[in-house]
Amino acid sequence: AQSVAQPEDQVNVAEGNPLTVKCTYSVSGNPYLFWYVQYPNRGLQFLLKYITGDNLVKGSYGFEAEFNKSQTSFHLKKPSALVSDSALYFCAVRPPYNQGGKLIFGQGTELSVKP
Amino acid sequence: DAGVIQSPRHEVTEMGQEVTLRCKPISGHDYLFWYRQTMMRGLELLIYFNNNVPIDDSGMPEDRFSAKMPNASFSTLKIQPSEPRDSAVYFCASTTSGRAAVRPNEQFFGPGTRLTVL
Numbered sequence: 001a002q003s004v005a006q007p008e009d010q011v012n013v014a015e016g017n018p019l020t021v022k023c024t025y026s027v028s029g030n031p032y033l034f035w036y037v038q039y040p041n042r043g044l045q046f047l048l049k050y051i052t053g054d055n056l057v058k059g060s061y062g063f064e065a066e067f068n069k070s071q072t073s074f075h076l077k078k079p080s081a082l083v084s085d086s087a088l089y090f091c092a093v094r095p096p097y098n099q100g101g102k103l104i105f106g107q108g109t110e111l112s113v114k115p
Numbered sequence: 001d002a003g004v005i006q007s008p009r010h011e012v013t014e015m016g017q018e019v020t021l022r023c024k025p026i027s028g029h030d031y032l033f034w035y036r037q038t039m040m041r042g043l044e045l046l047i048y049f050n051n052n053v054p055i056d057d058s059g060m061p062e063d064r065f066s067a068k069m070p071n072a073s074f075s076t077l078k079i080q081p082s083e084p085r086d087s088a089v090y091f092c093a094s095t096t097s098g099r100a101a102v103r104p105n106e107q108f109f110g111p112g113t114r115l116t117v118l
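Going down the list, the sequences are from chains A and B.
The opening position of the first sequence corresponds to residue 1 in my numbering, with each subsequent residue numbered one higher.
The opening position of the second sequence corresponds to residue 1 in my numbering, with each subsequent residue numbered one higher.
Just so you know, these hints were derived from the structure itself, not from any lab.
All figures in this text were calculated on a predicted structure; none of them were measured in a lab.
We treat Cβ as the ideally placed atom computed from N, Cα and C, and that holds for glycine.
Some clues are possibly wrong.
Said to hold, decoys possible - When the alpha-carbon atoms are kept at most 30 Å apart in a straight line, the in silico DSS-like pairs for lysine-lysine are as follows: (1) B:LYS24 with A:LYS102; (2) B:LYS78 with A:LYS102; (3) A:LYS49 with A:LYS22; (4) A:LYS77 with A:LYS49; (5) A:LYS77 with A:LYS102; (6) A:LYS22 with A:LYS69; (7) B:LYS24 with A:LYS49; (8) A:LYS102 with B:LYS68; (9) B:LYS24 with B:LYS78; (10) A:LYS114 with A:LYS77; (11) A:LYS69 with A:LYS102; (12) B:LYS68 with B:LYS24.
Unchecked claim - Each pair of labels, with its calculated beta carbon distance range: (13) A:SER3 with B:PRO61: 37 to 43 Å; (14) A:GLN10 with B:PRO61: 24 to 30 Å; (15) A:GLN10 with B:VAL53: 15 to 21 Å; (16) B:GLN80 with A:THR20: 42 to 48 Å.
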């Protein structure tokens, strides 16, 4: 079965420290991979995506993600966390055969950045 | 573009009442998605449309839920009759997979409708 796993419900980081939010997927073929962020009482916002090419993808607000095909992972990273990065983060996958844009979402990881 | 527009933003109703949620996708997008978000179940895809046609409604929880897309710029999600367990935030999202699109395959989400069924 196709699935996306975010193994950590919550990640706590001190401001200025690097952060990593983990994501692994189980989808055959070469999927499209996405990260979205949700601030309180808001809809999800696109952060970045990987389709093909360089395994390191840079996105909005200084975030980046590294695609690792052998480990089927797509971890979200940022070199220096800000308090304003505190939010709910979702990893998502679009299976390669799916022309409809339907995404499979992970369960979300709550990122808390403390001053 | 104003983005995906949803109305109402908040809805409080009593059990047994009919609830209608509305969505206006981004102009030019040919896919529209309805999601439900709760603390217990996370983000769930309910149904999605392509060119106004329902493609996959396997996520619709039961017959009390129905969705329509009468034209490219409007969709509704209806719950009749509503129950307290339907309380959630309902999101609408749209996208296009067209190669000529500026940002293909990215889903743009509306602000959501927070539904409370008493």
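So, going through the hints one by one against the coordinates:
no.: 1; hint: B:LYS24 with A:LYS102; verdict: holds, 18 Å
no.: 2; hint: B:LYS78 with A:LYS102; verdict: holds, 21 Å
no.: 3; hint: A:LYS49 with A:LYS22; verdict: holds, 15 Å
no.: 4; hint: A:LYS77 with A:LYS49; verdict: holds, 13 Å
no.: 5; hint: A:LYS77 with A:LYS102; verdict: holds, 25 Å
no.: 6; hint: A:LYS22 with A:LYS69; verdict: holds, 14 Å
no.: 7; hint: B:LYS24 with A:LYS49; verdict: holds, 25 Å
no.: 8; hint: A:LYS102 with B:LYS68; verdict: holds, 18 Å
no.: 9; hint: B:LYS24 with B:LYS78; verdict: holds, 15 Å
no.: 10; hint: A:LYS114 with A:LYS77; verdict: holds, 17 Å
no.: 11; hint: A:LYS69 with A:LYS102; verdict: holds, 21 Å
no.: 12; hint: B:LYS68 with B:LYS24; verdict: holds, 12 Å
no.: 13; hint: A:SER3 with B:PRO61: 37 to 43 Å; verdict: violated, 20 Å
no.: 14; hint: A:GLN10 with B:PRO61: 24 to 30 Å; verdict: holds, 28 Å
no.: 15; hint: A:GLN10 with B:VAL53: 15 to 21 Å; verdict: violated, 40 Å
no.: 16; hint: B:GLN80 with A:THR20: 42 to 48 Å; verdict: holds, 45 Å
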